[in-house]
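Peer 1: One letter stands for each residue in the lines below.
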Amino acid sequence: MELSLEEVTKLTGGRVVAGESKNGYRGLAALNEATANDVSFLGNEKYYDDYLRTNAGLVLVPSKVKEFPEGPVYVEVENPSYAFGLVVKKLSAKMRSFKPGVHPTAYVAEDVRYNPEKVSIKANVVVESGAVIGDGTEIQAGAVIGEYAKIGKDCLIYSNATIREYCELGDRVIMQPGSVIGSDGYGYEFVDGAHQKVDQVGIVVLENDVEVGANTTIDRARFGKTVIGEGTKIDNLVQIGHNVVIGKHCLVIALTGVAGSSSLGNYVTVAAQVGIAGHLHIADKATLMARTGVMKDLEGDQIYWGNPARPAKDQLRSIAALARLPKLMSDFRSLKKKVEETESE
Amino acid sequence: MELSLEEVTKLTGGRVVAGESKNGYRGLAALNEATANDVSFLGNEKYYDDYLRTNAGLVLVPSKVKEFPEGPVYVEVENPSYAFGLVVKKLSAKMRSFKPGVHPTAYVAEDVRYNPEKVSIKANVVVESGAVIGDGTEIQAGAVIGEYAKIGKDCLIYSNATIREYCELGDRVIMQPGSVIGSDGYGYEFVDGAHQKVDQVGIVVLENDVEVGANTTIDRARFGKTVIGEGTKIDNLVQIGHNVVIGKHCLVIALTGVAGSSSLGNYVTVAAQVGIAGHLHIADKATLMARTGVMKDLEGDQIYWGNPARPAKDQLRSIAALARLPKLMSDFRSLKKKVEETESE
Amino acid sequence: MELSLEEVTKLTGGRVVAGESKNGYRGLAALNEATANDVSFLGNEKYYDDYLRTNAGLVLVPSKVKEFPEGPVYVEVENPSYAFGLVVKKLSAKMRSFKPGVHPTAYVAEDVRYNPEKVSIKANVVVESGAVIGDGTEIQAGAVIGEYAKIGKDCLIYSNATIREYCELGDRVIMQPGSVIGSDGYGYEFVDGAHQKVDQVGIVVLENDVEVGANTTIDRARFGKTVIGEGTKIDNLVQIGHNVVIGKHCLVIALTGVAGSSSLGNYVTVAAQVGIAGHLHIADKATLMARTGVMKDLEGDQIYWGNPARPAKDQLRSIAALARLPKLMSDFRSLKKKVEETESE
Chain A
651 MELSLEEVTK
661 LTGGRVVAGE
671 SKNGYRGLAA
681 LNEATANDVS
691 FLGNEKYYDD
701 YLRTNAGLVL
711 VPSKVKEFPE
721 GPVYVEVENP
731 SYAFGLVVKK
741 LSAKMRSFKP
751 GVHPTAYVAE
761 DVRYNPEKVS
771 IKANVVVESG
781 AVIGDGTEIQ
791 AGAVIGEYAK
801 IGKDCLIYSN
811 ATIREYCELG
821 DRVIMQPGSV
831 IGSDGYGYEF
841 VDGAHQKVDQ
851 VGIVVLENDV
861 EVGANTTIDR
871 ARFGKTVIGE
881 GTKIDNLVQI
891 GHNVVIGKHC
901 LVIALTGVAG
911 SSSLGNYVTV
921 AAQVGIAGHL
931 HIADKATLMA
941 RTGVMKDLEG
951 DQIYWGNPAR
961 PAKDQLRSIA
971 ALARLPKLMS
981 DFRSLKKKVE
991 ETESE
Chain B
651 MELSLEEVTK
661 LTGGRVVAGE
671 SKNGYRGLAA
681 LNEATANDVS
691 FLGNEKYYDD
701 YLRTNAGLVL
711 VPSKVKEFPE
721 GPVYVEVENP
731 SYAFGLVVKK
741 LSAKMRSFKP
751 GVHPTAYVAE
761 DVRYNPEKVS
771 IKANVVVESG
781 AVIGDGTEIQ
791 AGAVIGEYAK
801 IGKDCLIYSN
811 ATIREYCELG
821 DRVIMQPGSV
831 IGSDGYGYEF
841 VDGAHQKVDQ
851 VGIVVLENDV
861 EVGANTTIDR
871 ARFGKTVIGE
881 GTKIDNLVQI
891 GHNVVIGKHC
901 LVIALTGVAG
911 SSSLGNYVTV
921 AAQVGIAGHL
931 HIADKATLMA
941 RTGVMKDLEG
951 DQIYWGNPAR
961 PAKDQLRSIA
971 ALARLPKLMS
981 DFRSLKKKVE
991 ETESE
Chain C
651 MELSLEEVTK
661 LTGGRVVAGE
671 SKNGYRGLAA
681 LNEATANDVS
691 FLGNEKYYDD
701 YLRTNAGLVL
711 VPSKVKEFPE
721 GPVYVEVENP
731 SYAFGLVVKK
741 LSAKMRSFKP
751 GVHPTAYVAE
761 DVRYNPEKVS
771 IKANVVVESG
781 AVIGDGTEIQ
791 AGAVIGEYAK
801 IGKDCLIYSN
811 ATIREYCELG
821 DRVIMQPGSV
831 IGSDGYGYEF
841 VDGAHQKVDQ
851 VGIVVLENDV
861 EVGANTTIDR
871 ARFGKTVIGE
881 GTKIDNLVQI
891 GHNVVIGKHC
901 LVIALTGVAG
911 SSSLGNYVTV
921 AAQVGIAGHL
931 HIADKATLMA
941 RTGVMKDLEG
951 DQIYWGNPAR
961 PAKDQLRSIA
971 ALARLPKLMS
981 DFRSLKKKVE
991 ETESE
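Residue numbers (the working numbering), protein chains in the order written: chain A, 651 to 995; chain B, 651 to 995; chain C, 651 to 995.
No lab work stands behind these hints, which were simulated from the structure alone.
Honestly, I wouldn't trust all of these hints.
[As the list claims (entries may be wrong)] Stretch-level coverage of chain A by chain C, calculated; a stretch enters the list once three of its residues show a Cβ under 8 Å from a Cβ in chain C: (1) 675–681; (2) 765–776; (3) 826–839; (4) 853–864.
[Stated by the list, open to error] Simulated DEER-style distance windows between Cβ atoms: (5) C:754 with A:747: 28 to 34 Å; (6) B:748 with C:951: 56 to 62 Å; (7) A:719 with C:951: 32 to 38 Å; (8) A:981 with C:993: 16 to 22 Å; (9) B:742 with A:768: 29 to 35 Å; (10) C:993 with B:694: 51 to 57 Å.
Please read all numbers here as calculations on a predicted model, not as lab measurements.
Glycine included, every Cβ here is placed at the ideal spot set by N, Cα and C.
Produce the complete structure using the sequences and hints provided.
Peer 2: So this is what it looks like as structure tokens:
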């Protein structure tokens with residue numbers, strides 16, 4: 651597979667702003683690793699030095715760039731990272747192809763509803779009784795689909811993922827390897843000196859176009875549903891508690907925990923290692939910076955940081971002040987001494 | 651399955667304080683989602699507005715509630731959440747039934763000690779040589795039981811969980827999907843410019859009634875035992891290091907890490923995203939608030955917060971002060987100026 | 651298996667400094683649990699009280715120890731923990747033996763390149779088409795090796811681990827249970843109100859002697875490679891983002907996250923629950939203390955702490971100051987009052 655300059659400009663909607671094409675393009679590489687047959691891109695100013703020295707054959711650039719060192723051909727596009735993604739998709743189209751069929755080592759219970767000619771079920775997959783699998787869905791080796799689970803169309807369930815009983819996935823849902831949907835919520839009542847398990851009889855619903863990261867865990871509701879809204883993308887090693895409701899098109903990044911019964915609006919961004927306590931609401935378009943700890947409801951359209959969470963600019967000011975605090979303390983002692991000396995004069 | 655009002659009061663030990671029963675109850679729902687056939691409950695004051703507007707058929711209420719809007723029948727109980735759990739258990743009894751038998755796709759080594767008519771081993775489970783499985787235990791699809799591991803009675807091992815060689819589980823232990831028991835402890839000696847692996851030849855012991863959350867990991871001891879005490883409940887994505895000893899009836903919540911050789915007493919509560927360094931002791935009934943970092947031994951019967959951990963009320967005071975620190979700094983500069991002006995007069 | 655005193659001194663290069671041998675040694679135990687047939691060691695001063703009271707038969711001690719209570723025989727060695735490791739290795743040699751062969755329930759695609767007489771593939775393992783497995787490698791039950799993955803010699807892949815397509819492992823790599831190599835990087839472009847997935851077509855490379863902890867996840871590169879350098883040891887529940895490059899002989903401890911495109915030099919130590927933002931560089935021999943948050947490049951040969959990361963001694967000073975801040979605030983109010991009274995006199 652090789653793309654010509656013309657194919658790249660057509661694919662990306664870009665236009666040549668400098669340089670000439672010397673060949674076709676087969677590879678994809680970062681600026682500092684690319685060679686003459688590679689397409690690369692400038693997506694982040696941090697890499698501008700690499701840009702000035704790159705040996706790439708073709709570089710996708712944003713409109714603000716005005717320097718074009720000799721060598722590559724430069725194609726100006728609106729969003730270089732996105733445009734590069736289109737090239738990646740084209741060049742790697744054959745890497746993952748959907749091949750329908752059920753591997754002989756897979757176990758699919760007799761009453762599972764699916765079309766064996768339109769799904770792909772790999773080796774040692776288990777699909778328990780009563781489950782439903784939509785057309786175009788692929789389930790990779792070692793994944794387990796529990797009783798009466800429902801999986802929509804064109805989903806991709808990676809190896810060793812687990813979907814427990816009765817949970818429901820929409821269409822085009824992706825579950826990375828080792829992810830777990832429908833584990834029991836963490837609920838106990840303290841009776842007679844011991845923590846008695848509270849049955850967790852609800853389910854998890856992943857709406858259309860949700861992605862769940864590797865080894866991420868989403869607990870089933872105590873009763874009712876834990877819901878991940880349409881288009882929400884969850885990174886690796888995230889913990890979502892029982893009865894949590896996350897809105898549409900949110901981002902939830904690695905090692906974050908959302909405790910039971912909390913809810914997020916739409917377009918909320920939760921950076922890495924954030925903790926959100928239980929029974930809270932985070933409103934639409936709120937952004938939580940990494941390592942924030944949330945202990946109260948938060949209004950939308952704002953950026954938060956710190957533990958406990960505060961508007962990010964307040965937190966930033968306190969952090970700057972904290973760095974100067976040891977100096978303040980010694981200045982204070984000096985001033986106090988001075989005042990006391992003045993007094994005793 | 652349907653319960654009458656009389657069955658609910660009998661089951662929960664409650665008494666009707668307002669309203670009348672119009673039908674039987676089949677469903678379970680939160681106050682804001684319940685309809686006429688559902689049982690609901692008021693377990694948290696945060697939901698009092700939902701309570702006043704609920705369409706539930708039957709509501710379990712605590713004794714302090716004095717308003718009973720028309721519609722539902724109200725049953726007063728000592729602990730509404732616990733009482734609701736009893737109703738849940740009754741109504742969902744058939745959801746998970748134990749069906750003994752060994753699935754033909756499972757591999758159980760010849761010398762495994764178990765009664766195939768009294769355990770349930772699902773599809774593609776692997777039980778290696780020398781393992782022992784107690785009666786009433788269920789092992790779900792894809793789980794792996796290592797050589798010479800011992801599992802007690804009435805345990806429930808969910809899909810894709812791993813119990814490594816020689817580890818021991820008591821009775822009624824629950825392992826959620828993807829959890830790992832007996833991974834190697836993180837131990838290396840730095841010799842000749844490289845980290846040389848220190849063999850980890852101990853085991854993990856989970857005592858009776860322990861629960862281990864999804865994708866949680868508990869490392870085997872370097873030698874001897876890593877121990878999780880009776881009745882302790884561990885949430886999802888928790889890391890327990892080698893040779894850790896956790897006492898009885900503790901709670902350890904999501905994304906927490908306990909480093910090697912530390913020990914917790916009994917009835918310790920560790921909230922989410924806490925970190926406990928190695929070789930420390932946390933005494934009985936200590937409570938660590940979320941995101942606390944522990945670098946020293948902690949006395950029992952106290953609440954801790956912060957990084958490093960301090961008594962929670964001290965930490966709270968410092969956090970409040972930190973928020974006012976930028977103002978203090980500008981006030982200090984004003985005062986200093988005033989003192990200097992006074993002096994120079 | 652039993653070792654004599656002479657065998658222990660020969661094995662460890664130690665010399666007897668006190669006591670007499672009464673028997674051979676079969677067991678391994680901590681000082682406070684050891685009995686007459688056990689070897690134990692004093693590796694950490696915290697356990698000196700246990701040392702003075704131990705019932706061990708043989709104790710490995712460092713040269714600085716000068717008290718030798720009656721009972722055990724004492725063997726002085728340079729590094730007691732390391733020496734103990736040698737004894738452990740000797741006494742437990744038979745615990746894990748490599749038995750080549752492919753279990754009949756495993757599925758190995760026809761075109762996989764391996765020598766069935768020199769690898770050990772356990773029950774229900776899946777090895778997909780095009781993969782390569784080196785001699786001496788063991789793959790435990792339920793692990794999945796994706797298409798065209800390459801695994802070197804003498805590797806140990808534990809149960810339910812997943813290596814996705816095209817990823818490459820060097821020699822002597824260890825993957826603990828449930829670990830995931832090659833999950834998709836977390837990359838989206840926000841287009842038309844939704845997060846569009848950016849294809850992740852790169853791979854993960856684990857160089858020689860890398861160890862990956864239980865349920866740790868390492869994402870494949872967007873394009874090119876995510877690299878873990880030779881001899882680097884990663885603990886449990888760590889998240890490594892796409893295109894991250896970690897140098898040689900680093901330590902990365904539990905619950906840490908390294909975001910996309912960041913790089914670590916050689917001999918970097920990252921303690922538990924650290925977060926490193928994307929596109930940063932941490933230079934050689936930097937040490938990050940537990941729970942540090944990194945938002946800028948960091949120079950090497952230094953210890954960092956705090957969020958955001960600062961030189962540890964500065965952070966320590968600020969933390970000490972923070973604890974005294976409430977008092978400073980009340981002292982400030984007193985001083986201010988005094989100054990104002992002085993003025994108004």
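Peer 1: Tell me if the beta carbons of residue 748 of chain B and residue 951 of chain C are separated by a distance inside 56 to 62 Å.
Peer 2: holds, 59 Å
Peer 1: Regarding residue 981 of chain A and residue 993 of chain C, is the given constraint of 16 to 22 Å on their beta-carbon distance met?
Peer 2: holds, 20 Å
Peer 1: Go ahead and decide if the range 29 to 35 Å is satisfied by the Cβ distance of residue 742 of chain B to residue 768 of chain A.
Peer 2: Since residue 742 of chain B and residue 768 of chain A have Cβ atoms about 34 Å apart, the given range 29 to 35 Å holds.
Peer 1: Would you check chain C against the stretch 826–839 of chain A, counting CB to CB pairs closer than 8 Å, and say if three or more residues qualify?
Peer 2: holds (count 3)
Peer 1: Given the hint of 32 to 38 Å, is the C-beta distance from residue 719 of chain A to residue 951 of chain C inside that range or not?
Peer 2: Given a distance of about 35 Å, which is inside 32 to 38 Å, the answer is holds.
Peer 1: With a cut-off of 8 Å between beta carbons, are at least three residues of the stretch 765–776 of chain A near chain C?
Peer 2: holds (count 3)
Peer 1: When you take the CB atoms of residue 754 of chain C and residue 747 of chain A, is the distance between them in 28 to 34 Å?
Peer 2: holds, 30 Å
Peer 1: Has the stretch 853–864 of chain A got at least three residues whose CB is nearer than 8 Å to a CB belonging to chain C?
Peer 2: Held - the stretch 853–864 of chain A has 4 residues with a Cβ nearer than 8 Å to chain C, which meets the minimum of three.
Peer 1: Measuring from beta carbon to beta carbon, are residue 993 of chain C and residue 694 of chain B in 51 to 57 Å?
Peer 2: Roughly 54 Å apart at Cβ, these two residues keep to the hinted range, so it holds.
Peer 1: According to a criterion of three or more residues whose C-beta lies within less than 8 Å of a C-beta of chain C, is the stretch 675–681 of chain A covered?
Peer 2: Since 3 is at least three, the answer is holds.
This entry satisfies every hint, going by the numbered hints stated previously.
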